[in-house]
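Engineer: From first to last, the protein sequence lines stand for chains A and B.
Each residue of the first sequence is one higher than the last, beginning at 0 in numbering that gives the first Met the number 0.
Each residue of the second sequence is one higher than the last, beginning at 0 in numbering that gives the first Met the number 0.
These are computed hints drawn from the structure, not numbers from a lab.
The reader is advised that the hints may include incorrect statements.
Because identical chains share one entry, a pair is satisfied inside a single copy or across any pair of copies.
Straight-line C-alpha distance at most 25 Å; calculated SDA-like pairs for lysine to any residue [what the hints assert, rightly or not]:
hint: 1; residue 1: 55; residue 2: 298
hint: 2; residue 1: 392; residue 2: 324
hint: 3; residue 1: 361; residue 2: 32
hint: 4; residue 1: 392; residue 2: 64
There are 2 protein chains.
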Amino acid sequence: MALVDLDRFDFLYANRVKGMKTAATRDLMATLSRPGIISLAGGFPDTKAFGEEAFKDLSDDVAQGFAQALQYGPTGGLETIKDVIVDVMEAEGVSTRQEDVFITTGGQQGLDLVAKTFLDEGDGIICEGPTYAGALNAFAAYRPRIMHVPMDRAGMIPAAARESLEKARKQGVHVKFIYTVPNFQNPAGVTLAKERRRELLELAREYDLVILEDNPYGMLRFEGESLPTLASLEQEDNGEVERVVYLGTFSKIFAPGVRLGWVHAQPGILHKINVGKQGADLCSSNLSQMMISSFFQNSDWRGYVNRLNDIYRERRNAMLDALAEFMPKDVHWTHPEGGLFVWATLPSYIDATAMLPQAIAKNVAYVPGEGFYAGDEGKNCMRLNFSFVESDKIRRGIELLAEVIRERMELRGSLERGSHSGSHASQASQAAEKSSSRKSG
Amino acid sequence: MALVDLDRFDFLYANRVKGMKTAATRDLMATLSRPGIISLAGGFPDTKAFGEEAFKDLSDDVAQGFAQALQYGPTGGLETIKDVIVDVMEAEGVSTRQEDVFITTGGQQGLDLVAKTFLDEGDGIICEGPTYAGALNAFAAYRPRIMHVPMDRAGMIPAAARESLEKARKQGVHVKFIYTVPNFQNPAGVTLAKERRRELLELAREYDLVILEDNPYGMLRFEGESLPTLASLEQEDNGEVERVVYLGTFSKIFAPGVRLGWVHAQPGILHKINVGKQGADLCSSNLSQMMISSFFQNSDWRGYVNRLNDIYRERRNAMLDALAEFMPKDVHWTHPEGGLFVWATLPSYIDATAMLPQAIAKNVAYVPGEGFYAGDEGKNCMRLNFSFVESDKIRRGIELLAEVIRERMELRGSLERGSHSGSHASQASQAAEKSSSRKSG
Numbered sequence: 000m001a002l003v004d005l006d007r008f009d010f011l012y013a014n015r016v017k018g019m020k021t022a023a024t025r026d027l028m029a030t031l032s033r034p035g036i037i038s039l040a041g042g043f044p045d046t047k048a049f050g051e052e053a054f055k056d057l058s059d060d061v062a063q064g065f066a067q068a069l070q071y072g073p074t075g076g077l078e079t080i081k082d083v084i085v086d087v088m089e090a091e092g093v094s095t096r097q098e099d100v101f102i103t104t105g106g107q108q109g110l111d112l113v114a115k116t117f118l119d120e121g122d123g124i125i126c127e128g129p130t131y132a133g134a135l136n137a138f139a140a141y142r143p144r145i146m147h148v149p150m151d152r153a154g155m156i157p158a159a160a161r162e163s164l165e166k167a168r169k170q171g172v173h174v175k176f177i178y179t180v181p182n183f184q185n186p187a188g189v190t191l192a193k194e195r196r197r198e199l200l201e202l203a204r205e206y207d208l209v210i211l212e213d214n215p216y217g218m219l220r221f222e223g224e225s226l227p228t229l230a231s232l233e234q235e236d237n238g239e240v241e242r243v244v245y246l247g248t249f250s251k252i253f254a255p256g257v258r259l260g261w262v263h264a265q266p267g268i269l270h271k272i273n274v275g276k277q278g279a280d281l282c283s284s285n286l287s288q289m290m291i292s293s294f295f296q297n298s299d300w301r302g303y304v305n306r307l308n309d310i311y312r313e314r315r316n317a318m319l320d321a322l323a324e325f326m327p328k329d330v331h332w333t334h335p336e337g338g339l340f341v342w343a344t345l346p347s348y349i350d351a352t353a354m355l356p357q358a359i360a361k362n363v364a365y366v367p368g369e370g371f372y373a374g375d376e377g378k379n380c381m382r383l384n385f386s387f388v389e390s391d392k393i394r395r396g397i398e399l400l401a402e403v404i405r406e407r408m409e410l411r412g413s414l415e416r417g418s419h420s421g422s423h424a425s426q427a428s429q430a431a432e433k434s435s436s437r438k439s440g
Numbered sequence: 000m001a002l003v004d005l006d007r008f009d010f011l012y013a014n015r016v017k018g019m020k021t022a023a024t025r026d027l028m029a030t031l032s033r034p035g036i037i038s039l040a041g042g043f044p045d046t047k048a049f050g051e052e053a054f055k056d057l058s059d060d061v062a063q064g065f066a067q068a069l070q071y072g073p074t075g076g077l078e079t080i081k082d083v084i085v086d087v088m089e090a091e092g093v094s095t096r097q098e099d100v101f102i103t104t105g106g107q108q109g110l111d112l113v114a115k116t117f118l119d120e121g122d123g124i125i126c127e128g129p130t131y132a133g134a135l136n137a138f139a140a141y142r143p144r145i146m147h148v149p150m151d152r153a154g155m156i157p158a159a160a161r162e163s164l165e166k167a168r169k170q171g172v173h174v175k176f177i178y179t180v181p182n183f184q185n186p187a188g189v190t191l192a193k194e195r196r197r198e199l200l201e202l203a204r205e206y207d208l209v210i211l212e213d214n215p216y217g218m219l220r221f222e223g224e225s226l227p228t229l230a231s232l233e234q235e236d237n238g239e240v241e242r243v244v245y246l247g248t249f250s251k252i253f254a255p256g257v258r259l260g261w262v263h264a265q266p267g268i269l270h271k272i273n274v275g276k277q278g279a280d281l282c283s284s285n286l287s288q289m290m291i292s293s294f295f296q297n298s299d300w301r302g303y304v305n306r307l308n309d310i311y312r313e314r315r316n317a318m319l320d321a322l323a324e325f326m327p328k329d330v331h332w333t334h335p336e337g338g339l340f341v342w343a344t345l346p347s348y349i350d351a352t353a354m355l356p357q358a359i360a361k362n363v364a365y366v367p368g369e370g371f372y373a374g375d376e377g378k379n380c381m382r383l384n385f386s387f388v389e390s391d392k393i394r395r396g397i398e399l400l401a402e403v404i405r406e407r408m409e410l411r412g413s414l415e416r417g418s419h420s421g422s423h424a425s426q427a428s429q430a431a432e433k434s435s436s437r438k439s440g
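Go ahead and model the full structure; you've got the sequences and the hints to work with.
Structural biologist: Now the structure itself:
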């Protein structure tokens with residue numbers, strides 16, 4: 000039996016497949032479930048917090064409508080879950096109606112359907128740098144031009160966004176939307192300041208484009224006051240949502256295993272999304288929709304979210320404390336007020352991707368930063384998740400990680416001393432550092 | 000508050016959205032759930048047959064692993080469900096391994112991911128005429144050229160497929176795959192003969208392309224002997240599957256509400272599918288996967304499929320009997336040996352789309368034929384589903400439908416007599432028949 004030649008059908012594949020890379024996080028998943036590994040890599044909520052009894056209650060409730068739960072449903076979702084979403088969005092400050100909401104198979108499908116609706120090859124997207132890797136994957140299928148805009152601790156910098164828009168205009172690139180994760184951004188953990196939200200809306204009007212507001216973490220706030228969504232700010236200005244396409248998900252306020260999210264947008268856009276959804280997967284799971292409806296209608300869902308926030312707050316604190324305690328002084332990190340992630344920046348000569356196997360060998364894992372950029376940036380950065388692992392393990396994980404980083408720093412120190420004194424350091428080690436050494440000033 | 004102008008953002012939409020039409024079936028769903036309507040339109044299995052107790056047993060089993068059920072899963076699916084699929088494919092005559100199987104969010108997502116992997120704009124697809132409307136929707140997002148090949152009662156005609164391939168070659172169209180639903184085809188209800196399966200494989204080798212074998216209904220056979228899948232025939236010839244990409248689904252042998260299917264293909268292709276899946280929806284629902292695993296591992300799933308077949312066989316018989324009893328003589332239909340659908344062809348001057356509102360007014364619904372073609376064909380055809388409605392209602396539905404058709408035929412008869420005698424018939428009625436009257440010989 001001949002071995003299959005992996006490249007045998009290259010001439011048959013679409014061009015787009017060549018531009019799509021696999022997500023480092025997802026590829027790592029097998030390794031990360033190895034016992035003993037402290038994984039700060041995933042973006043996993045803590046689903047154990049839900050409890051078996053609560054799960055059983057939901058199942059029993061859904062069982063009463065089992066024939067519907069097992070059947071195909073409407074393309075845009077069941078009415079009951081749309082009612083739930085109207086309530087959730089109300090809690091986020093957006094007043095809305097059933098018909099403005101469209102159910103998707105997780106927030107991820109929302110990204111895919113919006114991209115499918117707007118992007119021709121070569122169209123531009125303005126997004127944060129770094130940005131959510133899954134969004135880059137979804138967008139890549141439509142071969143756009145990604146333009147990263149730098150952030151500071153108040154999120155995407157509007158003046159820099161304007162520069163990018165001007166540049167695109169000069170180059171004849173049609174920018175279709177600005178993509179932002181305004182709250183506790185994935186991966187950077189920063190939150191877009193209120194006045195900047197208004198400035199982005201103003202930019203969208205001026206350049207006549209759409210804003211894709213991706214808000215999975217908005218309710219996971221541990222401190223400080225909630226900021227208005229871009230959708231609600233547009234509603235305040237206009238009386239209605241026109242150019243903000245809002246993505247929500249149940250993955251963080253209920254559970255990702257049900258794969259349910261939603262798009263909130265004006266009818267013209269939802270009509271296109273509807274057509275795309277039919278081709279993508281016909282409809283989302285009735286079973287999942289009915290479980291969620293049952294939970295949100297019969298339980299204290301706000302109480303559940305508060306309970307999650309208590310857990311995550313404690314773990315975030317554990318992570319920030321451990322970072323302060325263990326990290327060498329040239330390592331910097333963000334201080335998220337909510338969400339799931341801290342973003343750490345190492346000295347520019349350290350390649351976090353190249354360092355990962357060494358970290359895993361020490362039983363700690365993270366996501367290297369380069370996956371959060373369409374281009375070549377972020378190599379000396381990493382995303383650290385604090386939602387999934389208990390506090391004592393987080394502390395131990397950060398301790399181990401600090402050791403790995405310190406070893407890398409010392410290796411470089413000794414290499415530099417070595418080359419100054421003319422001795423021959425290991426060529427392999429030199430090669431490993433080579434790609435980043437040009438950057439180090 | 001200003002009304003939203005639906006065309007306001009037309010300049011922002013992608014070109015592909017213009018080529019995508021909404022599926023008539025899906026758009027009709029709201030109407031079809033109206034009490035009193037006998038809907039022969041959907042492609043719904045009978046999920047009531049599953050039973051509340053069986054559903055509860057599954058839920059209780061899944062509850063024991065609730066934290067995993069609620070969590071993100073691996074991109075390609077859980078190992079337990081892949082084991083189930085290996086068993087199911089064994090029952091379909093394909094011997095396979097976990098690693099050749101990839102989980103999708105329903106069979107529909109399989110279509111989308113395969114299209115995403117292979118299609119650049121303008122590439123060709125050979126498929127049956129008529130073909131599954133959902134496949135046309137999935138493909139349309141990638142803007143291919145659809146080439147329908149006629150069928151007879153033994154399925155797609157290979158000589159006609161060869162002609163299309165030759166024509167494409169001359170026109171410089173790169174045909175990427177042949178798409179076929181070999182068993183009890185949706186919508187035509189016909190089954191591809193065994194020797195034709197071999198001929199299609201031979202064509203695929205000769206023209207160096209892939210065969211997309213979509214087999215949701217293979218196990219729903221009411222009579223006659225099972226035919227080997229194209230995947231198993233290739234395996235027989237080659238020792239392995241190389242150019243057959245096989246799509247399976249749990250929608251018909253378990254339930255569509257869980258939205259789970261699979262792709263079976265060689266590793267090079269699955270690698271591309273994996274990348275596409277990450278962008279599309281990250282992973283399929285663990286909850287759904289665990290329910291299915293529980294059912295297939297702990298229950299007599301073959302017994303359940305047999306039970307479904309008993310139900311569907313009786314309903315198919317009821318439909319065929321009623322068609323024979325009630326339909327005017329110029330109406331023809333197929334005799335499916337399994338599956339969910341009968342395809343009926345009306346006199347060429349009747350437009351089944353134009354006739355639908357009249358049928359719905361009489362409380363019976365079907366899917367007009369034109370949605371099953373990329374072009375302009377099938378207007379005088381309809382798809383009739385027999386799986387969802389009880390036999391006595393099927394009989395009544397066909398009786399009502401026959402009345403509507405007879406009225407149309409009589410209307411035309413009187414219009415013809417009217418125009419011969421110079422009288423003025425209703426202009427509205429004339430206009431309604433106009434588009435098809437050119438075709439009537």
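Engineer: Please go over all the hints and tell whether each is borne out by the structure.
Structural biologist: Status of each hint after checking the structure:
no.: 1; hint: 55 with 298; verdict: both (13 Å within a copy, 21 Å between copies)
no.: 2; hint: 392 with 324; verdict: within (15 Å within a copy, 74 Å between copies)
no.: 3; hint: 361 with 32; verdict: within (15 Å within a copy, 59 Å between copies)
no.: 4; hint: 392 with 64; verdict: between (42 Å within a copy, 23 Å between copies)
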